[in-house]
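A.B. asks: Residue numbers (my numbering), protein chains in the order written: chain E, 1 to 394; chain L, 1 to 422.
Each hint should be verified, as a subset may be incorrect.
In silico contact screen, one side only, chain L against chain E (beta carbon under 7 Å); selected entries [to be verified]:
{"hint": "1", "residue": "Q141"}
{"hint": "2", "residue": "G155"}
{"hint": "3", "residue": "L167"}
{"hint": "4", "residue": "I175"}
{"hint": "5", "residue": "G176"}
{"hint": "6", "residue": "P180"}
{"hint": "7", "residue": "V183"}
{"hint": "8", "residue": "A187"}
To list a few chain L residues with every Cβ distance to chain E over 10 Å, as calculated [stated by the list, open to error]:
{"hint": "9", "residue": "G9"}
{"hint": "10", "residue": "M85"}
{"hint": "11", "residue": "W184"}
{"hint": "12", "residue": "F329"}
Treat the hints as calculated values from the structure; they're not laboratory data.
All C-beta atoms in this analysis are idealised placements derived from N, C-alpha and C, irrespective of residue type, glycine included.
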Amino acid sequence: MLTGAGGLIKELPARVAPFASALTLCVSAGWSGALLAPNLIGVFAGVETAWLAAVGLVALSAVRDNAGLNGAFRMLAAGGAASALMLLGAGLWWRAAGGGTLAMMSLAQIDAPGLAIAGVSLVLAALALKAAIAPLHLWLPAAIGRTRALAPLVLGVVGVLGALMALTRVAAAALPAPDLGAAVAAGLGVLGVASVVIGSVQAIGSTNLIRLTAYAGVAQGGCALLSVALGSPAGFAAGLVQIAALGAAALALLGGAAASGGSSLSALDGLARRAPLASVAITAGALSLMGAPLTLGFLGRWRMIEASVGADWWWAAAAAIAASLAGVFYGGRLIERVYFRRAAEAQEINRDPWRFALTPALAASIVAIGVGLAPAPLLNAATVAASMLSRGAP
Amino acid sequence: MSAELALAGVIAAPLLQALLVIVLSRPPGLRDVTHFAGAAVTALCAVLLLNATAQGEVARIAVARPLPNVELAFALEPLGALAAMVIGGLGLLHALHTAGMVRAAKEKAPARLMAFIALTTAASMAAAFSANLFTFFVAYQALILASFPLVAHRGDEEARKSARTYLAVLLAASIGLLLPAMVWTYAIAGPHEFRAGGVLGGRVDAMTANALLTLYVLGLAMTAIPPLHRWLPASSNAPFPAIVTIQALAVLPIGGVGILKVAAFEFGAALNEAVIAGRALLVVVGVGMCGAALIALSKRDVRERLAYSVMGQSLAVVMGALLASPIGFFAAALQVVAVACAASTLLMAAGTTPGGDWPRNAPDYAGLGRVMPWTFAGFALASASMIGMPPFSGAWAKLWLLTAAASVDLVWAAGLPASPRC
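Start from the sequences, fold in the hints, and give me the full structure.
C.D. replies: Right, here's the structure in full:
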């Protein structure tokens, strides 16, 4: 991602490029901090750092009209509301359980269960908004729709993934708590299903590759949320694998879109002739979203369905199948355009040598998707992470 | 050559063939020789494997372990060897036919066409020799993705529309129905390999068995079972070499092989628990066979007529599998061979006309037997086999189907093999 971002920063005007670089690093640092913070206040600080940096990045990446700046403003407003809710939620939790670290959340002495549930729910809802989980994702299309390629890449890969991981972390801490678990699981389940359905429908109807990727990410995020809602080590591992798959697919699609020089679906027509490497990346991303076997996306779906069937959550397994079916439609459309259509107009091939900066990003995404053939290291890592997250789960 | 090497070769050879055809696409002669040579190597490996099976040899190769305790593996077994022999042997003839057809019809992007035919062959071989359900599913998906460009080959709006139908129906069925069935089976039986006698026997109650059977039969839409048969007439818009691959040499036969593998190696005795679903699906198959025959009779376009005719024959394979008896399985396997031989001959003959400007409608074929006597003699023989006229292979397959139906006291089903006689 950083290599790709480095290439895309060159698209920005020279006077803002250093600020964009710094903000990109701030986004990464903020989400990393949120994942490492020991308590809710630390998580809040990391999340806000990342979010505000992302808003700045979107504003800097906007092309010369008001639409992009409007997107940044909507992102700021939505994020502000979410931050307020998150802070309120953290405060309610503190009041109900006396604070403590995330690791001790399941063991905390809860004096007021209602307050605790409300507090944790507000925190999770705020994180869900920042992870672009439907129906809280309305800021996303405006934020990425009219910007240069850098913002969608950073938001889509780092931002959404970071938020999903933070949400997973907080949910994993809350689910084992006897007073919280059932309510949190129910809430995450409802959000997950809604996200799968809404994201899939919007992705199918999208005519812009970046928006399609964003909405596909919404649907995949919903699947990850459903896995986490299971509350078991298998569910957490499945969620982590799906988040990895989402990142790889998003990187492939967004990197391919950036290399192709256009974001509308019609710009993909005949791309296989003009930019073979970008076409391969887009194909790999589309196949992963479909859940085609031997891709990371398939691995995530399989683990999720396994975990859902094991917990008798048949409806969650059905949601995973529905997400895959939707992926067939919108992913298949991409592959058809790339390989089986001719460009309507002569498209100028961008021979800018700095385009090669995107190649490592594309190669990394292809490798990540090809991990489906030898996923043992990833699965082992996910299992270890899940067991750490679920310490104390039944 | 050892059986393991032949097993690897029968899948790797067409993959290499696909790559080489693209790389060596000029001059056209080199492309055609490469295509034929690849098909020849594949056929040779298939012969060796059939011989190895007859000798009782065992071979297994594991390629990867994509899931815990689940391998991507291929194993030598009689049904797979039979299917491979049919696909490989007829594929050799088809390679010659393709080389001639692309020149005569001045087909666009002939190297691409040949490459995807080779990829489709590779996926078919992988499915035929799959050692477990997961490998079969992977190969099945690969077959869909490899054959879809054949339907879209011409690149015009009609081809794209047909390709969308093809991909949508097959992928939706495999992901929406076959995948849940597979996961459910793994949840019940744990990681396992295909095993004669099945793995679900004694592990499932009637309701589960019925639900699973329904999911599997409908999920394997490559058998062209209604209502998931729309992909088959859609594929008729492809170039003739592609139609031969899809309808005779790869997709339809693998659908039949798949249903047999599921019935014999997954269900086994559990088919006796799924009586309700079995009978209901037999009715669907019967309606499909009769309907396909009637629709075929109504079509003037030869491609569509042949597509529906082949559909009816393919459904007879499903019928044999659903009869849930050893005779039924044997009859179904025989039917796979008979249909592949007859369909490939019919399609290759129908597409071969003077000057490459082939007639579209059946009445336009009048008198062509005098101009191309050998070609249409083959057409006549294949037609006779397709309708089950002795002494051709189709007759014996149908006879065994009748016997199988009678052996399980389904007299009404015994009349079904007689229906697609158009």
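A.B. asks: Less than 7 Å between beta-carbons is the criterion; does A187(L) satisfy it with respect to chain E?
C.D. replies: Since the shortest Cβ distance to chain E is 5 Å, the answer is holds.
A.B. asks: Hold the hint about V183(L) up to the distance rule: shortest CB distance to chain E must be less than 7 Å.
C.D. replies: Cβ of V183(L) sits 5 Å from chain E, so the hint holds.
A.B. asks: Once the shortest beta carbon distance from L167(L) to chain E is found, is it less than 7 Å?
C.D. replies: 5 Å, holds
A.B. asks: Does Q141(L) pass the interface hint, meaning its C-beta sits closer than 7 Å to a C-beta of chain E?
C.D. replies: 5 Å, holds
A.B. asks: For M85(L), is the shortest CB-to-CB distance to chain E above 10 Å, so the non-interface label stands?
C.D. replies: 26 Å, holds
A.B. asks: Under 7 Å, Cβ to Cβ, is where I175(L) needs to be relative to chain E, so tell me if that hint holds or is violated.
C.D. replies: Status holds, d = 5 Å.
A.B. asks: Decide, holds or violated, for the assertion that all CB atoms of chain E are farther than 10 Å from the CB of G9(L).
C.D. replies: Its Cβ never comes within 10 Å of chain E, the nearest being 20 Å, so this holds.
A.B. asks: Holds or violated: is the Cβ of F329(L) farther than 10 Å from all Cβ atoms of chain E?
C.D. replies: 27 Å, holds
A.B. asks: Taking the least C-beta to C-beta distance, is G176(L) closer than 7 Å to chain E?
C.D. replies: 5 Å, holds
A.B. asks: Is the hint on P180(L) kept, meaning its closest Cβ partner in chain E is under 7 Å away?
C.D. replies: Nearest chain E Cβ about 6 Å off; hint holds.
A.B. asks: Test the statement that W184(L) is away from the interface with chain E: the closest C-beta pair must be farther apart than 10 Å.
C.D. replies: 7 Å, violated
A.B. asks: Let's test the interface hint: is any C-beta of chain E closer than 7 Å to that of G155(L)?
C.D. replies: Hint on G155(L): holds, closest Cβ of chain E at ~6 Å, below 7 Å.
Comparing the model with each numbered hint stated earlier shows that hint 11 is the single one that does not hold.
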